[in-house]
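Listed below, chain by chain, are the residues.
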Amino acid sequence: MFRKHHFIKISLTFLITTLFYLHSFAQNWDIPDDKKTKNANFKFTNQTISEGEAIYTKNCMSCHGNLGKDNSLKTLNPIPPDLASVKTQERTDGELFFIITTGRMLMPSFKVILSEEERWKLTSYIRSLNKKYVQIVSETNTSKSNLIKIKMDFDSLTNKLKVDVKANETSGVVSLKDAEVMLFVLRYFGKLQIDKTVRTNNEGIATFNFPKDLPGDKTGNVDLVVKVSDEIYGEVETQSKFKAGIPTDKPSLTEKRAIWNVLKKAPIWIIITYTSIVLIVGAVLLYIIYSLMKLRKLGNN
Amino acid sequence: MLDQSKTDKITTDLLRPIRLNKAFVLWMGFLGISLVICLYAYTLQLKNGMVVTGLRDYVSWGMYISNFVFFVATSLIGMLISAVLGLSGAKWAAPLARIAEIIALAFAAVAGLVIISDMGHPERLMYVFIYGRIQSPIVWDITVVSVYVVISALLLYLPLIPDMKICYNKLEKIPKLNRWLYKILSLNWNGSLEQEKIIKNSTRILAILIIPVALAIHTVTSWLFASTSRVGWDSTIFGPYFVTGAFVSGSAAVIIAMFFYRKNFKLQDYITDLHFDKMGKLLVLVSLVYLYFNLNEFMVPAYKMKKFDAIHLNDLFAGSYALMFWAVQILGLVLPILLLLFRKMRKPLPITIIAIFVIVGAWFKRYIIVVPTQEHPYLPIQNVPLNFKIYSPTLTETLITIAPFILVLIIITLLSKLIPVIPVHESIHQNEETQNEN
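Protein sequence lines, in the order shown, are assigned to chains A and B.
Letter 263 of the first sequence, counting from 1, is numbered 263 in our numbering, and no numbers are missing.
Letter 177 of the second sequence, counting from 1, is numbered 1177 in our numbering, and no numbers are missing.
Simulated from the structure, these hints should not be mistaken for laboratory data.
The reader is advised that the hints may include incorrect statements.
Straight line, CA to CA, 25 Å or less: simulated SDA-like cross-link-like pairs of lysine to any residue [stated by the list, open to error]: (1) B:Lys1197 - A:Ala283; (2) B:Lys1200 - A:Ala283; (3) A:Lys297 - B:Glu1196; (4) B:Lys1183 - A:Arg296; (5) B:Lys1183 - A:Tyr290; (6) A:Lys74 - B:Gly1049; (7) B:Lys1006 - B:Tyr1270; (8) B:Lys1389 - A:Pro78; (9) B:Lys1009 - B:Glu1196; (10) B:Lys1197 - A:Leu286; (11) A:Lys74 - B:Ser1392; (12) B:Lys1389 - A:Ser72; (13) A:Lys264 - B:Glu1123; (14) A:Lys297 - B:Glu1426; (15) A:Lys74 - B:Val1052.
Next comes chain A alone, as it looks inside the complex:
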């Protein structure tokens, strides 16, 4: 008896504290102050709004619904807010950017999927219905990202990819220390991240372990994308081809004639069967009509 009571008591206490914790957690996102005050370094224009809208439609609308229509997916818990709502609009640009970047629980992180620029364009779209909104453009020098040079080096023996990040300052070439580097490989439906996110060492070098079994094209080439983010220099991406995958030569499913292919690539047997049936039936029907015409002629005589 006692044990049972005890157990229930402890469970209840535990439950209530958890609920309380979850409750307070649901109220606010813990956003560091320096992130809150972050701003886009370009001006929001109709152009950025419409580009942001396209990104929104593809990535966000399924949960958040149309902006300002309050038709988000109500079956989720927590319910994704309408992003044109006052509560969301009271957030700073930096907060919105942070939320989109990191996400939490049901709200996905878009850090890997969308580039920094795309995430700012989303912010510009989210602001588009807000009449009172005045943008603060970041003062940071955007031209600094142009100085970055990224060198990729693939070692097929160890299957490691070395990324060397340098900046061509006027004072000379410097290595970018402690910059965040992500490696992706291009697949059918987007970018697939390889290994973990790595920071550059003192020589500005980040090393990734490349998987041995990644399918490449006919000759084993894969398209690799490296993304470098740095506090001072901003975000830079480069793409290049490496012979780092397994050569794969699978004919595309829509290359040959097949049931599922387009009309022009229909299987021969279907074309023959279908057309011959249609022709035979058509011929019989024509014969019947010819007979009826003959019948009519006979009546004339």
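Chain B: place on chain A using the hints.
Same frame as chain A, now just chain B:
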């Protein structure tokens, strides 16, 4: 001498219904008004889109497609009675051939329209022709349904040619336009042996041709479902299952039509108890075959109860569709078979009442084949609203579903007011033959 008076009686009896009377005008008025109401519902669908229906991402084939399958099914009876029975020399079926052909033509012609209601905007039908793929059962279905409509029309028309001449000769008090129509349609018929031979041969060719075409139209319709990997549709016996089911609803439709023609057109001497008796036996036969296919279709997966089959089958046997499922199987199939085994039940009135149960059951059977499957997809969408998962037809949708029935009734009514529903020429011919034998 006796011969001539009998011939005259047949002609007057069979041509009597071809005139405008009050009942006809009232009936057509009623159908017309009902059609207008249903068409109003259709304009709502055109204006606001398919949201006015209960169709959502899960169940996108609802009542419209169930209706389509039912219409195609019912139209198959033309093939069974005028071709299969005709070719096999079942003489009793001859007077019913035209009734069966009228039903076949009306249902097949309207089936195409039913599909259009499911497409939303009607101009999308064009896309089937512009972008259709020869590999798709949808293209086969459109081809084969159109061919079936043409053959059914010809099979209705060919034996009608001599009758058109009789109508032209005997019906002098009808409007000029109608007489002119009879004259044109009679194709200079003069009853010569050569002409008789042409009609006979052509009818025979068409009767043979319509058998594979009719089998094809319902088999292809079943493939619209069976070629999809879904619980409840993924079945190898769907073709014959649909074809036999089609004969059930078609036979019931013919029985109901016989009853009304006999009563309203005073055709007791031509559509006799014998015809009801024979049709009753035919209905039992096709229903038994259909029951056998049902047993296979449900028993085999239910014995294994594979994970996804089980969800679907439990919903049918004991879940939200249980009432409809068992009502259809018992009231629409098992009981009619049992009752029709008794001679008394094959008398005109009881068999007509049974046929009404059968045909209503047949409609709901199509609903059970089409709808529940879609509520149990292999890969459900997450977090969808309830009305995605559970299909409930709306009033607008119901009205749009009723419209094809009204259209069919209008076509049947108009046809039976323009042409004799029992072949006159053939009846005279048969009468002469029996007299010669005596």
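Hints, verified against the model:
About 20 Å separates the Cα atoms of Lys1197 (chain B) and Ala283 (chain A), which keeps this hinted pair within 25 Å; it holds. Taken as a hint, the Lys1200 (chain B) and Ala283 (chain A) pair is honoured in the structure, with Cα atoms around 19 Å apart against an allowance of 25 Å. About 14 Å separates the Cα atoms of Lys297 (chain A) and Glu1196 (chain B), which keeps this hinted pair within 25 Å; it holds. Restraint check for Lys1183 (chain B) and Arg296 (chain A): satisfied, since their Cα atoms lie roughly 11 Å apart, inside the 25 Å limit.
With a C-alpha separation of about 19 Å, the suggested pairing of Lys1183 (chain B) with Tyr290 (chain A) holds against the 25 Å cut-off. Distance check on the hinted pair: Lys74 (chain A) and Gly1049 (chain B) sit about 24 Å apart at the alpha-carbon level, within 25 Å; holds. Distance restraint check for Lys1006 (chain B) and Tyr1270 (chain B): the Cα-Cα separation of roughly 13 Å lies within the 25 Å cut-off, and the hinted pair is therefore satisfied. Of the pairs offered as hints, the one joining Lys1389 (chain B) and Pro78 (chain A) holds, with about 22 Å between alpha carbons and a cut-off of 25 Å not exceeded.
Proximity of Lys1009 (chain B) to Glu1196 (chain B) is assessed by CA-CA distance (about 23 Å); at most 25 Å being required, the pair is judged to hold. A distance of roughly 18 Å separates the Cα atoms of Lys1197 (chain B) and Leu286 (chain A); the hinted pair therefore holds under the 25 Å criterion. With a C-alpha separation of about 21 Å, the suggested pair Lys74 (chain A) and Ser1392 (chain B) falls inside the 25 Å cut-off, and the hint holds. Distance check on the hinted pair: Lys1389 (chain B) and Ser72 (chain A) sit about 18 Å apart at the alpha-carbon level, within 25 Å; holds.
The hinted pair formed by Lys264 (chain A) and Glu1123 (chain B) meets the criterion: a straight-line CA distance of about 24 Å does not exceed 25 Å. Proximity of Lys297 (chain A) to Glu1426 (chain B) is assessed by CA-CA distance (about 23 Å); at most 25 Å being required, the pair is judged to hold. Of the pairs offered as hints, the one joining Lys74 (chain A) and Val1052 (chain B) holds, with about 22 Å between alpha carbons and a cut-off of 25 Å not exceeded.
Violation of the numbered hints given earlier is absent; every hint is satisfied by the structure.
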